[in-house]
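Let chain U serve as the given structure and place chains R and V on it in line with the hints.
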Amino acid sequence: MESEAVASARARLGNSGAASLEFRGVSKRYGSGPDAAVAGTPGAVNDLSFAVPAGAICVLVGPSGCGKTTSLKMVNRLIEPTSGQILLDGVDVQTVEVTALRRRIGYVIQQVGLFPHLTVGRNVAVVPALVGWSKERQRARADELLSLVGLDPSRYRGRYPAQLSGGERQRVGVARALAADPPLMLMDEPFAAVDPIARAGLQDEFLRLQKELAKTIVFVTHDVDEAIKMGDLIAVLADGGRLAQFGPPDEILARPASDFVARFVGADRGLKRLSLRTVADLKVEPVGQSDGLPRFAPATKLRDALSILLVADTRGGVALDEAGKPRGLVTVDEIASALADERVGTDARS
Amino acid sequence: MDLVTATAQWLADPQQWQGPNGILARLLEHVYLSAVSLGIAALVAMPLGLWIGHTGRLSWLTVSAANAWRALPSFAVIGLLVPFTTRIDPNLGFTLYPTVIAMIVLAGPPLLVNSYQGIAGVDRDLVDAARGMGMRERQILFDLEFPLALPVLATGIRLAAIQVIATATLGAVFGFGGLGRFIVLGDANQDNGELFGGVFLVAALALLTYGLFVLLERRLVSPGLSTRTAS
Amino acid sequence: MTTEPLVRWDWLGAHLGPIAGRVEQHLYLTVIAVAVGFAISFLLAALSIRRRKLYPLVVVLSTAVYTIPSFAVFVVLIVVSGPSVLSAEVPLVMYTFVLFVPNIVAGFDTVPWEVIDSANGMGFTRGQRWWQVELPLALPLVVASIRLATVSTIGLVTVTAVLGDSLGGLGYYILDGYHRTFTTEILVGGLLSIALAVLADLALVLLQRVLTPWVAAREVAR
Chain U
1 MESEAVASAR ARLGNSGAAS LEFRGVSKRY GSGPDAAVAG TPGAVNDLSF
51 AVPAGAICVL VGPSGCGKTT SLKMVNRLIE PTSGQILLDG VDVQTVEVTA
101 LRRRIGYVIQ QVGLFPHLTV GRNVAVVPAL VGWSKERQRA RADELLSLVG
151 LDPSRYRGRY PAQLSGGERQ RVGVARALAA DPPLMLMDEP FAAVDPIARA
201 GLQDEFLRLQ KELAKTIVFV THDVDEAIKM GDLIAVLADG GRLAQFGPPD
251 EILARPASDF VARFVGADRG LKRLSLRTVA DLKVEPVGQS DGLPRFAPAT
301 KLRDALSILL VADTRGGVAL DEAGKPRGLV TVDEIASALA DERVGTDARS
Chain R
351 MDLVTATAQW LADPQQWQGP NGILARLLEH VYLSAVSLGI AALVAMPLGL
401 WIGHTGRLSW LTVSAANAWR ALPSFAVIGL LVPFTTRIDP NLGFTLYPTV
451 IAMIVLAGPP LLVNSYQGIA GVDRDLVDAA RGMGMRERQI LFDLEFPLAL
501 PVLATGIRLA AIQVIATATL GAVFGFGGLG RFIVLGDANQ DNGELFGGVF
551 LVAALALLTY GLFVLLERRL VSPGLSTRTA S
Chain V
582 MTTEPLVRWD WLGAHLGPIA GRVEQHLYLT VIAVAVGFAI SFLLAALSIR
632 RRKLYPLVVV LSTAVYTIPS FAVFVVLIVV SGPSVLSAEV PLVMYTFVLF
682 VPNIVAGFDT VPWEVIDSAN GMGFTRGQRW WQVELPLALP LVVASIRLAT
732 VSTIGLVTVT AVLGDSLGGL GYYILDGYHR TFTTEILVGG LLSIALAVLA
782 DLALVLLQRV LTPWVAAREV AR
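Protein chains in written order, with the working numbering: chain U, 1 to 350; chain R, 351 to 581; chain V, 582 to 803.
It is possible that part of the hints are untrue.
Stated by the list, open to error - Residues from chain R shown here face chain V by an in silico Cβ test under 7 Å; the list is partial:
1) Leu377
2) Pro423
3) Phe425
4) Leu430
5) Pro433
6) Ile438
7) Ile451
8) Tyr560
9) Gly561
10) Val564
11) Leu566
Please keep in mind that the hints were generated in silico from the structure rather than gathered at the bench.
Using N, Cα and C, we set each Cβ at its ideal position, and we do this for glycine too.
Just chain U, same shape as in the assembly:
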């Protein structure tokens, strides 16, 4: 008989929805003595601890070799930690049978790894097939997911991966990871192999998807802009797999915890923070005469508004409300002051 705790944990893992994830003192050491990761293999990890609430996207970001992929792979136990625990909804992943664990976690990698010998439809249905769904249910689910990622099932389900473009393959990869409705998704630089325009499109669509599905996601990237865009929480990893900082994007940008983090996010972190806010967030003065002034929809990012105002030869721009009517005046000074109330001590660090 299973203990009540294990049974309820199993029941929780079996639900759709999202799971919480926690790293407790997780370390991965290769060999003994000071770590020297061999070129091409993932770096070591050192006493990593952080917690991700259910439904949040946590981005692991850092330079090459900082252990972010290793950390990701320890969640689904493709790599086993040397010490520490990883808890999925409070259950140590080491206590769950490994293939059962993996079938409950979605896994998307950079090269996608679609099976060349299966059609797109059958690729998407791989995990449902593994856990024994009926053929009809598999097919219905595959169609549902292909639509969800923006691929017309009637056109795509019978094609082979070799016939798809890079962006299309990535979408199929995401669909495949979602097929068994896992409470947690692991994504290892999933959009890195695609050109920048396609990548931005995939990122936007993924965020839209996340609004609907609210899964817990661990996302690895080396691109700090992608981390800021995608993450609800960011874990910045430094060489040797140490956690340099953990927190929401704005906090990492506003208050980098060390020189390393400050350098990693870049000297333009002020501007980066502006892309986290929109015109709708601004308190604005009444505008008066608004002809000839640039107009900003409420969702316009402050960074873009600033950029437009810098080249426009006007006294400011007009913030519109949801109905499209002028709400107030937007000036460069006002945009700058949007960051002021959170400026805690001027940075001696660049």
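Positioned in the frame of chain U, the structure of chains R and V alone reads:
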């Protein structure tokens, strides 16, 4: 007496080595005719393969034709030639021609296919870069494509050489000379020494040829290419 | 030979039965050799993949066997074990190793690592992964090697005629026709064995297409 002793005795007997039907004569006959056949086949098949690989034309024809050609059983080819070559020359047409023609014909596929694949396998980007640098077509073929194709080409020559030696051996059943003759005679005369002696000589020749060509490949192919595996 | 007509149709008509029997024998010898050769080669390939160090040895040995002219090997076997099916099959099987083993190994080697990684990550057990992912992807090269070995074996079966009248498949007619200077017989043996080889090749190409439909998709995508 047991096989090993009988064979050793036969091989050691100096009488066996002398004369027009002796080991030495047969060996030279075997090697000479193999080399000539290989040479003729190479003269025809290799330029053709190189041309098809370089221009890309008729490649589908090459692949399907070569497959069918490679499927030909050598025993059948030699046998089928006999009735026809004897009508041309009752003497040599009965002993020499069928086997030699078969040797030339059967050496074709590896030479043709490997020449074609060797050239076709050269990275097209390299050829484009060469053209862009102003190399003429002939220079591209000789200075770029040929050296890069050499590993695959060399393998093809080796395969053809082995094929030719085997065909020559088989020809002994159809009256050809060469080292296969000892096997046929040994079988006919129930002389195990001769039979196994012939087997030993044939095997030794084949393996030595193989080894020789492997060494040749190593010497001729640029060290920069040595990590490439030619199938 | 010079006054004989090229083809004696009456002889042909009278011998359709035995000819069919020889065709059957030819196929029988071929199928056994290819099947047994494949089974053994598969094991050798699996072993070579597990222990890479063995692989060069396996390749060298099977190449050495293949290099020695078949005629010599078959005659050795008559002396050693008489004109039996076994004498025919042992060399026929050994001649397939060099065609099967490298291609089977290569077939499994060409499975992209990201496919293996994502299969592991999705929760395939090792067995499921091997059976559902690696084997299908190795299939193109494996089937190609079966095609190669079959055609090669059909050719080699003709040589088994030197083992005696009871063997040789269609090769019997070639040899017998030669000894009796009977052209019709040679033509029957020679042309039919060629036809058999070419037909087998075509049939296996079709099988390849049927078993691996995704290869065609890839070729078009290029």
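Right, here's what the structure says about each hint:
Interface hint at R:Leu377: violated, since its Cβ lies 14 Å from the closest Cβ of chain V, which is beyond the 7 Å cut-off. Interface restraint check: R:Pro423 against chain V, minimum CB-CB distance 3 Å, threshold 7 Å, status holds. About 4 Å separates the beta-carbon of R:Phe425 from the nearest beta-carbon of chain V, less than 7 Å, and the hint is met. Checking R:Leu430 against chain V: minimum C-beta separation of about 4 Å stays under 7 Å; hint holds.
Hint status for R:Pro433: holds, given a least beta-carbon distance of 4 Å to chain V, under 7 Å. Contact between R:Ile438 and chain V, as hinted, is not supported at the beta carbon level, the nearest pair being about 11 Å apart and thus beyond 7 Å. The criterion of a C-beta within 7 Å of any C-beta in chain V is not met by R:Ile451, whose closest approach is roughly 14 Å, and the hint is violated. Of the supplied interface hints, the one on R:Tyr560 holds, with its beta-carbon coming within about 5 Å of a beta-carbon of chain V, less than 7 Å.
Among the interface hints, the one on R:Gly561 is violated; its C-beta lies about 9 Å from the nearest C-beta in chain V, farther than the 7 Å criterion. Among the interface hints, the one on R:Val564 is violated; its C-beta lies about 10 Å from the nearest C-beta in chain V, farther than the 7 Å criterion. The restraint placing R:Leu566 at the interface with chain V is violated, with a minimum CB-CB distance near 16 Å, outside the 7 Å limit.
Checked against the numbered hints above, the structure violates hints 1, 6, 7, 9, 10 and 11; every other hint is satisfied.
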